[in-house]
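Student: Next come the chains, spelled out residue by residue.
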Amino acid sequence: MKKMDLTPMLKPKSVAIIGASRDPDKVGHVILQNYINAGYSGRLYAVNKNADADIMGVKTVRSILDIKEKIDLAVVAIPAQYVPMALEECGRSGAKTAVVVSGGFAEIGNTKLQEDLVSVAEKYGMPTLGPNCLGVMDPRSRIDTLFLPTYKLSRPEVGGVSFVCQSGAVGSTVLDLISGEGFGLSKFISYGNAAHVDEVDILNYLMDDEETKVVIMYVEGIKRGKEFIEIARKITKKKPVVVLKAGRTAAGSAAAHSHTAALAGSYEAHEALFRQYGFTIADDLSDLLNYAKILDSCDFPKGNRVAIITNGGGTGVLSADAIGITESLQLAEFSPSIASSLRKQLPPLVNIRIPLDLAGDADDKRYEIALNAVTSDSNIDMVLAIVLFQTPGADSKLAAKLVSLKERMNKPLIVLSVGAEYTAMHTKMMESAGLPVYESPTAAVRSLAALLKYARYRGMK
Amino acid sequence: MMELLDYFDGKRLLDKHGIKSVESRYVSSAQDAVAFAAASPIVLKLISGKALHKSKAGLVKLDLKGPDISKAYSELVSKGRLLKPYRIIAQKMAKNGVEIIIGGRTDEQFGKLILIGLGGIYVNIFKDFALRVCPIKQEDAQEMIDQLKSRDIVTFGGKNRKILVKLLMDVNSLLVENRSISELDLNPVVARADGYVAVDIRMLMQ
Numbered sequence: 001m002k003k004m005d006l007t008p009m010l011k012p013k014s015v016a017i018i019g020a021s022r023d024p025d026k027v028g029h030v031i032l033q034n035y036i037n038a039g040y041s042g043r044l045y046a047v048n049k050n051a052d053a054d055i056m057g058v059k060t061v062r063s064i065l066d067i068k069e070k071i072d073l074a075v076v077a078i079p080a081q082y083v084p085m086a087l088e089e090c091g092r093s094g095a096k097t098a099v100v101v102s103g104g105f106a107e108i109g110n111t112k113l114q115e116d117l118v119s120v121a122e123k124y125g126m127p128t129l130g131p132n133c134l135g136v137m138d139p140r141s142r143i144d145t146l147f148l149p150t151y152k153l154s155r156p157e158v159g160g161v162s163f164v165c166q167s168g169a170v171g172s173t174v175l176d177l178i179s180g181e182g183f184g185l186s187k188f189i190s191y192g193n194a195a196h197v198d199e200v201d202i203l204n205y206l207m208d209d210e211e212t213k214v215v216i217m218y219v220e221g222i223k224r225g226k227e228f229i230e231i232a233r234k235i236t237k238k239k240p241v242v243v244l245k246a247g248r249t250a251a252g253s254a255a256a257h258s259h260t261a262a263l264a265g266s267y268e269a270h271e272a273l274f275r276q277y278g279f280t281i282a283d284d285l286s287d288l289l290n291y292a293k294i295l296d297s298c299d300f301p302k303g304n305r306v307a308i309i310t311n312g313g314g315t316g317v318l319s320a321d322a323i324g325i326t327e328s329l330q331l332a333e334f335s336p337s338i339a340s341s342l343r344k345q346l347p348p349l350v351n352i353r354i355p356l357d358l359a360g361d362a363d364d365k366r367y368e369i370a371l372n373a374v375t376s377d378s379n380i381d382m383v384l385a386i387v388l389f390q391t392p393g394a395d396s397k398l399a400a401k402l403v404s405l406k407e408r409m410n411k412p413l414i415v416l417s418v419g420a421e422y423t424a425m426h427t428k429m430m431e432s433a434g435l436p437v438y439e440s441p442t443a444a445v446r447s448l449a450a451l452l453k454y455a456r457y458r459g460m461k
Numbered sequence: 001m002m003e004l005l006d007y008f009d010g011k012r013l014l015d016k017h018g019i020k021s022v023e024s025r026y027v028s029s030a031q032d033a034v035a036f037a038a039a040s041p042i043v044l045k046l047i048s049g050k051a052l053h054k055s056k057a058g059l060v061k062l063d064l065k066g067p068d069i070s071k072a073y074s075e076l077v078s079k080g081r082l083l084k085p086y087r088i089i090a091q092k093m094a095k096n097g098v099e100i101i102i103g104g105r106t107d108e109q110f111g112k113l114i115l116i117g118l119g120g121i122y123v124n125i126f127k128d129f130a131l132r133v134c135p136i137k138q139e140d141a142q143e144m145i146d147q148l149k150s151r152d153i154v155t156f157g158g159k160n161r162k163i164l165v166k167l168l169m170d171v172n173s174l175l176v177e178n179r180s181i182s183e184l185d186l187n188p189v190v191a192r193a194d195g196y197v198a199v200d201i202r203m204l205m206q
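Sequence order for the protein chains is Z and E.
Numbered per my numbering, the first sequence finishes at 461, counting up by one with no gaps.
Numbered per my numbering, the second sequence finishes at 206, counting up by one with no gaps.
Simulated from the structure, these hints should not be mistaken for laboratory data.
The structure presented is a predicted model; accordingly, all values stated were derived computationally and were not measured.
Incorrect hints may appear among the rest.
[Claimed, not checked] Listed below are the simulated DSSO-like cross-link pairs for lysine-lysine, each with C-alpha atoms no more than 27 Å apart in a straight line:
1. Lys-223(Z) with Lys-137(E)
2. Lys-50(E) with Lys-84(E)
3. Lys-127(E) with Lys-453(Z)
4. Lys-213(Z) with Lys-226(Z)
5. Lys-50(E) with Lys-302(Z)
6. Lys-159(E) with Lys-237(Z)
7. Lys-13(Z) with Lys-2(Z)
8. Lys-428(Z) with Lys-411(Z)
9. Lys-453(Z) with Lys-79(E)
10. Lys-70(Z) with Lys-59(Z)
11. Lys-162(E) with Lys-453(Z)
12. Lys-238(Z) with Lys-213(Z)
13. Lys-84(E) with Lys-137(E)
14. Lys-213(Z) with Lys-3(Z)
15. Lys-92(E) with Lys-65(E)
16. Lys-166(E) with Lys-95(E)
17. Lys-411(Z) with Lys-401(Z)
18. Lys-92(E) with Lys-159(E)
19. Lys-26(Z) with Lys-11(Z)
20. Lys-234(Z) with Lys-223(Z)
21. Lys-70(Z) with Lys-49(Z)
22. Lys-226(Z) with Lys-166(E)
23. Lys-239(Z) with Lys-137(E)
24. Lys-149(E) with Lys-453(Z)
25. Lys-213(Z) with Lys-112(Z)
26. Lys-159(E) with Lys-453(Z)
27. Lys-137(E) with Lys-238(Z)
28. Lys-137(E) with Lys-453(Z)
29. Lys-2(Z) with Lys-237(Z)
30. Lys-3(Z) with Lys-223(Z)
31. Lys-84(E) with Lys-95(E)
32. Lys-453(Z) with Lys-213(Z)
33. Lys-239(Z) with Lys-3(Z)
34. Lys-226(Z) with Lys-112(Z)
35. Lys-71(E) with Lys-127(E)
36. Lys-223(Z) with Lys-239(Z)
37. Lys-234(Z) with Lys-137(E)
38. Lys-226(Z) with Lys-137(E)
39. Lys-65(E) with Lys-95(E)
From just these sequences and the hints, can you work out the full model?
Tutor: Okay, here's the thing in C-alpha cells:
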C-alpha cells in the first residue's frame with residue numbers, strides 16, 4: 001500500500017489560502033480569519049485572483065505561482081468549476097498538499113469535475129483532501145481550515161484524540177461537543193467526498209502519529225475495502241479506534257437471493273469487519289464521545305470486576321443493574337481482609353459490600369478511605385465512583401481528592417455525577433484533570449465495558 | 001449474472017471440504033422416491049431458481065413414509081408447473097436437532113463474508129446471527145458462536161462447540177477457495193450435541 005504523507009497538511013510550515021477574501025460572507029474570509037485567530041505561526045499567504053492589496057494584513061498574491069516558496073498546504077475555497085485549474089497551479093508551484101473545502105462535485109452529480117480534481121492530484125502526487133469537506137484542524141500546529149467562525153463553533157483544547165469524519169455536519173457538531181468535554185484534540189480531519197485522500201490514507205497517517213492516542217471516526221461508507229482491512233488490522237494493535245457507522249437501517253437487500261444476503265447487508269459487513277479487527281463500535285454520537293474519553297484517560301483493566309463506591313444508594317443500585325445487563329462486566333466483591341479493614345475505618349452505618357454506599361454525608365476523607373481500599377484489593381479491576389454533588393459532604397475538595405487518587409491508582413477509575421450547574425462545574429474540573437465523568441449509569445458502565453473489550457483485544461492479538 | 005448451482009454440484013463441493021450433508025438424490029417419479037426411501041422416512045423438496053423460501057411455499061414435504069411419498073410427490077409436481085424449470089430431490093430425514101444457518105456472501109467492498117445464526121424458520125424472526133470477513137481464524141469462529149444470543153441452544157450448552165468451530169473453518173475454506181461462490185445458504189443445518197448435517201444447500205455462482 002502506498003502511503004500518503006499527510007504531515008505537510010497537518011504540520012505545515014507554510015499555508016496559502018486560495019479564495020481568501022475581504023468579504024466577510026465568503027468562506028475564504030472565515031478561513032483566513034480563523035488562521036489569524038488560531039495564532040498560526042507559520043508563513044501565511046492569501047491568494048485572490050482580483051487582489052490588489054493585502055487582505056487582513058496577510059501577504060496577498062494573485063496566484064499561488066507568485067509565491068516564492070513551495071507551500072506545504074494549499075487551502076482551496078473557490079467555486080467548484082475553478083478548482084481543477086487552481087489545483088493545477090498548486091501542483092506546478094510545488095505545493096505539497098491541498099485541502100479543497102469547496103462543494104459542488106460528485107455529491108451533486110458532478111463526477112467529471114471530481115475526476116479532473118483527482119487526476120491533477122495524482123499527476124503531481126499531491127495529497128488532496130476533499131472536496132466538499134471541512135478540512136483539517138490541529139490545535140498544536142494551530143491550523144484550522146474550518147469555515148465556521150470560532151464564535152459559533154468552540155474549538156477543543158489540545159489533546160490526544162483524533163477525529164476522522166466524512167461528514168462536515170457531524171464533524172462540526174461533534175467538534176463543538178468535544179470542546180465541552182474534558183478531553184482534547186490531536187487532529188480533526190474531515191475528508192468529504194474522499195476523492196483522493198480517503199479513510200485508509202488518514203488511518204495510515206494517524207497510526208504512526210505520536211500525538212494521537214485515540215482515533216474516533218464517523219464513516220458513511222468505505223471505498224477501498226481490501227486496503228481498509230489491511231490498515232484496520234494494524235492500527236488497532238497500536239491504538240484504539242472508535243467508529244460510528246451511518247446507514248444502519250439500510251439492511252440487506254429485500255430482493256436478496258439468499259437468507260444470508262438478506263441478513264448480512266452492507267452495514268452488517270462493515271460492523272463485522274470492525275468487530276473482527278478490534279474497533280470500538282459506537283451506536284450513536286454519545287457513545288463516540290463517551291468511549292473516546294475513557295480510552296484516552298484510563299489504563300487497561302486486568303479483569304472485569306467493577307467496584308462501585310457511592311454517596312447515593314439508589315444510583316449505586318442502578319449502576320449495579322447496568323453492570324448486570326452487560327455480558328462482560330461483573331460486580332466486584334471485597335476480599336475479606338480489605339472488608340475487615342474497611343469495617344474498622346468506616347462509620348457503622350456503612351454496609352461493607354459493593355455497591356459501597358458511603359452515605360449522604362460522605363466527604364473527601366471517607367471517599368479516600370474507600371478508594372485506597374479498592375486500590376489495594378486484588379479482587380477489584382475497575383472503579384466507578386459515584387459522586388452526587390447535591391449531598392452535604394460532596395464539594396470541590398472531594399473532586400480534587402478524586403483527581404489525585406486517580407493519579408495514584410493503578411486501575412481504571414471513572415466518575416458518575418448527575419446534576420445541573422454545581423455538578424457541571426465539578427465535572428469540568430475533574431475532566432480537565434484527566435478524570436472521565438459520566439452523566440448516567442448506562443453511559444458509565446457501557447464505557448467501562450468498551451474499555452475492557454479493547455483491553456482484551458489488545459491482550460489477545 | 002448469478003446462477004443457482006445444481007444441488008449435487010454444491011453437495012460435491014461440500015464433500016470436498018469435509019462438510020457433511022444429508023444423503024440425497026434427484027427423483028423423477030414417485031416410484032423412484034419410494035425406492036430411495038427403502039424403509040426409512042424421507043423428505044421431498046422441489047428445487048427451482050424461482051423459489052427461495054421453499055418451506056414457506058409448501059415445497060418441502062417432511063417425514064414421508066409409505067403411501068405418503070407418492071401423494072407428496074404428485075403435490076410437488078402440480079406446484080412445479082409455475083416454477084419451471086424445477087427438479088425434485090429426495091433426502092433421508094435428518095435426526096432431530098437444532099436448526100442453524102451457515103452462510104456466505106461476497107461483499108463488493110470486503111470480499112467473502114461468513115455467517116452463523118439460528119436457522120430454519122427462525123432466521124427472519126430472531127435475526128440472531130454473527131458475521132465475519134473471510135478468512136477467519138479459530139478465535140474468530142469462537143467469537144462468532146459467543147456472539148449468538150442462542151449460543152447455549154445452538155451448542156447444546158457447549159457440547160458441540162468444537163464441532164461448530166470446525167464447521168465454520170471448513171465453510172471458511174470452501175468460501176475462500178471457491179471465488180465464484182457469490183452467495184451460500186446452508187439452511188438449515190441440523191446441529192446435534194454430537195454432530196451436524198446440512199439438509200439444504202443453496203449456492204449462487206458468479
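Student: All the hints need checking, so say for each whether the structure fits it.
Tutor: Status of each hint after checking the structure:
1. At most 27 Å may separate the alpha-carbon atoms for a hinted pair to count; Lys-223(Z) and Lys-137(E) meet this at roughly 25 Å.
2. For a cut-off of 27 Å, the pair hint linking Lys-50(E) to Lys-84(E) stands: about 8 Å separates their Cα positions.
3. Annotation: proposed proximity of Lys-127(E) to Lys-453(Z) holds, straight-line Cα distance about 24 Å (limit 27 Å).
4. A C-alpha spacing of about 25 Å is found between Lys-213(Z) and Lys-226(Z), which places the hinted pair at or below 27 Å, so the restraint holds.
5. Restraint check: the Cα-Cα separation between Lys-50(E) and Lys-302(Z) comes to about 55 Å, which exceeds 27 Å; the hinted pair is violated.
6. With a C-alpha separation of about 33 Å, the suggested pairing of Lys-159(E) with Lys-237(Z) is violated against the 27 Å cut-off.
7. About 24 Å separates the Cα atoms of Lys-13(Z) and Lys-2(Z), which keeps this hinted pair within 27 Å; it holds.
8. Between Lys-428(Z) and Lys-411(Z) the CA atoms are separated by roughly 22 Å; this keeps the pair inside 27 Å, and the hint holds.
9. Of the pairs offered as hints, the one joining Lys-453(Z) and Lys-79(E) is violated, with about 52 Å between alpha carbons and a cut-off of 27 Å exceeded.
10. A C-alpha spacing of about 15 Å is found between Lys-70(Z) and Lys-59(Z), which places the hinted pair at or below 27 Å, so the restraint holds.
11. Note on Lys-162(E) and Lys-453(Z): the hinted pairing holds, with a Cα-Cα distance of about 24 Å set against a maximum of 27 Å.
12. Annotation: proposed proximity of Lys-238(Z) to Lys-213(Z) holds, straight-line Cα distance about 9 Å (limit 27 Å).
13. For the hint linking Lys-84(E) to Lys-137(E), the alpha-carbon distance of about 41 Å lies beyond 27 Å, and the restraint is violated.
14. Restraint check for Lys-213(Z) and Lys-3(Z): the C-alpha separation of about 20 Å stays at or below 27 Å, so the hint holds.
15. Simply put, Lys-92(E) and Lys-65(E) have alpha-carbon atoms about 11 Å apart, close enough for the 27 Å limit, and the pair holds.
16. Between Lys-166(E) and Lys-95(E) the alpha-carbon distance is near 20 Å, which keeps this suggested pair within the 27 Å criterion.
17. With a C-alpha separation of about 16 Å, the suggested pair Lys-411(Z) and Lys-401(Z) falls inside the 27 Å cut-off, and the hint holds.
18. Distance restraint check for Lys-92(E) and Lys-159(E): the Cα-Cα separation of roughly 25 Å lies within the 27 Å cut-off, and the hinted pair is therefore satisfied.
19. Annotation: proposed proximity of Lys-26(Z) to Lys-11(Z) holds, straight-line Cα distance about 25 Å (limit 27 Å).
20. A C-alpha spacing of about 18 Å is found between Lys-234(Z) and Lys-223(Z), which places the hinted pair at or below 27 Å, so the restraint holds.
21. For the hint linking Lys-70(Z) to Lys-49(Z), the alpha-carbon distance of about 19 Å falls within 27 Å, and the restraint holds.
22. At roughly 26 Å between alpha-carbon atoms, Lys-226(Z) and Lys-166(E) fall within 27 Å of each other, so this suggested pair holds.
23. Between Lys-239(Z) and Lys-137(E), the direct Cα distance comes to roughly 22 Å. Compliance with the 27 Å bound is thereby established for this hinted pair.
24. A threshold of 27 Å between alpha carbons decides the hint, and for Lys-149(E) with Lys-453(Z) the separation of about 18 Å falls inside it, so the pair holds.
25. Between Lys-213(Z) and Lys-112(Z) the alpha-carbon distance is near 38 Å, which puts this suggested pair outside the 27 Å criterion.
26. A C-alpha spacing of about 26 Å is found between Lys-159(E) and Lys-453(Z), which places the hinted pair at or below 27 Å, so the restraint holds.
27. Between Lys-137(E) and Lys-238(Z) the alpha-carbon distance is near 21 Å, which keeps this suggested pair within the 27 Å criterion.
28. Distance check on the hinted pair: Lys-137(E) and Lys-453(Z) sit about 19 Å apart at the alpha-carbon level, within 27 Å; holds.
29. For the proposed pair Lys-2(Z) and Lys-237(Z), the alpha carbon gap of about 20 Å is at most 27 Å, so the pair holds.
30. For the suggested pair Lys-3(Z) and Lys-223(Z), the alpha carbons sit about 16 Å apart, so the restraint of at most 27 Å is met.
31. Between Lys-84(E) and Lys-95(E) the CA atoms are separated by roughly 31 Å; this puts the pair beyond 27 Å, and the hint is violated.
32. Between the alpha carbons of Lys-453(Z) and Lys-213(Z) the distance comes to roughly 17 Å, so the proposed pair stays at or under 27 Å and holds.
33. Using a Cα cut-off of 27 Å, the hinted pair Lys-239(Z) and Lys-3(Z) holds, with the two alpha carbons roughly 19 Å apart.
34. Distance hint between Lys-226(Z) and Lys-112(Z) is fulfilled; the C-alpha atoms sit about 26 Å from each other, no more than 27 Å.
35. A C-alpha spacing of about 35 Å is found between Lys-71(E) and Lys-127(E), which places the hinted pair above 27 Å, so the restraint is violated.
36. The straight-line distance between the Cα atoms of Lys-223(Z) and Lys-239(Z) is roughly 22 Å, inside the 27 Å bound, and the hint therefore holds.
37. Using a Cα cut-off of 27 Å, the hinted pair Lys-234(Z) and Lys-137(E) holds, with the two alpha carbons roughly 16 Å apart.
38. With a CA separation close to 17 Å, the supplied pair Lys-226(Z) and Lys-137(E) stays within the 27 Å bound.
39. Pair hint Lys-65(E) plus Lys-95(E) holds up; C-alpha atoms about 15 Å apart against a cutoff of 27 Å.
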